[in-house]
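Numbering-wise (numbering that gives the first Met the number 0), the sequence shown opens with residue 0 and increments by one.
Hints listed in this document are in silico derivations from the structure and should not be mistaken for laboratory results.
Calculated pairs, DSS-like style, for lysine-lysine (alpha carbon to alpha carbon, straight line, at most 27 Å): (1) Lys-266 to Lys-120; (2) Lys-196 to Lys-221; (3) Lys-273 to Lys-196; (4) Lys-120 to Lys-277.
Have a look at the derived ranges for each label pair, beta carbon to beta carbon: (5) Ala-173 to Leu-91: 15 to 23 Å; (6) His-76 to Phe-202: 39 to 47 Å; (7) Pro-230 to His-76: 43 to 51 Å.
The C-beta atom is built at its ideal place from N, Cα and C for all residues, glycine as well.
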Amino acid sequence: MVVKSEADILHNSMTEDDPNSNIQFSEGEGKPRWGPQHAGAKELASQYTFGKRIQEIVCLVISLGLMVFNLGQLCWHFDPSNLHYIIICAGLGIITADFCSGVVHWAADTWGSVELPIVGKAFIRPFREHHIDPTAITRHDFVETNGDNFAVTIPFLANMAYHFVTLTPQQIQAEYNWQCFVFLLAIFVSVTNQCHKWSHTYFGLPWYITLLQDCHVILPRKHHRIHHVAPHETYYCITTGWLNYPLECIGFWSRLEAVIEAVTGSKPRSDDLKWATKTH
Numbered sequence: 000m001v002v003k004s005e006a007d008i009l010h011n012s013m014t015e016d017d018p019n020s021n022i023q024f025s026e027g028e029g030k031p032r033w034g035p036q037h038a039g040a041k042e043l044a045s046q047y048t049f050g051k052r053i054q055e056i057v058c059l060v061i062s063l064g065l066m067v068f069n070l071g072q073l074c075w076h077f078d079p080s081n082l083h084y085i086i087i088c089a090g091l092g093i094i095t096a097d098f099c100s101g102v103v104h105w106a107a108d109t110w111g112s113v114e115l116p117i118v119g120k121a122f123i124r125p126f127r128e129h130h131i132d133p134t135a136i137t138r139h140d141f142v143e144t145n146g147d148n149f150a151v152t153i154p155f156l157a158n159m160a161y162h163f164v165t166l167t168p169q170q171i172q173a174e175y176n177w178q179c180f181v182f183l184l185a186i187f188v189s190v191t192n193q194c195h196k197w198s199h200t201y202f203g204l205p206w207y208i209t210l211l212q213d214c215h216v217i218l219p220r221k222h223h224r225i226h227h228v229a230p231h232e233t234y235y236c237i238t239t240g241w242l243n244y245p246l247e248c249i250g251f252w253s254r255l256e257a258v259i260e261a262v263t264g265s266k267p268r269s270d271d272l273k274w275a276t277k278t279h
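Could you put the whole structure together from the sequences, leaning on the hints where they help?
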């Protein structure tokens, strides 16, 4: 189990709650250790393309359209006697979304490269940028922050819509609770990166967001900062962060990395380290 002391956190992560433009320098050097002026951060930020922007907008529109349609169908077929099942589905949806966010976050942080075809610049690049300029996400608008998460939900929401269109009312009732779970899971997945963004926002958040963070309903700022202690090897779940401590207690990520390294020979976070140490 990886233990991070207060000293570790302060020395090995960027001071995001300091209103200093979030630029910090390596000790004894004039080069940024973190922040938007870091050489790696500037190069990675420049790789956000117009084509990527269009993809995010299209995915947002499709996903939101499917959400509205499926919500209407769920309301139409709602049976009050199922309310307690829906509440259970909501809880399971939150937990599943938190775990899925951890798996995706861990995989993108730990493996792969920005140079990989298609997925490198489109999906791995933001994770590399985020570690050397953690507050870049606070400068991203709704589309750039959430586009990829909404894209992930499209196949599941489309399949759900297909069922509502093609199945009989009796068949819909038979799988209604499952569809509630899928829908709520999609909602929680789609807002995961927004919760993540709020966990890096130390100024100007609405009071009700900070209240949700303080009650650990969504990802708290102090909790998530543990992940940003170099070399970013722990606390990957970013929807609520509820699963971070139990997964850390059983060594889930480190054991998984050990198996993959033994089988493939690949070193965890080698590409991440390359970008973090980039000086020009």
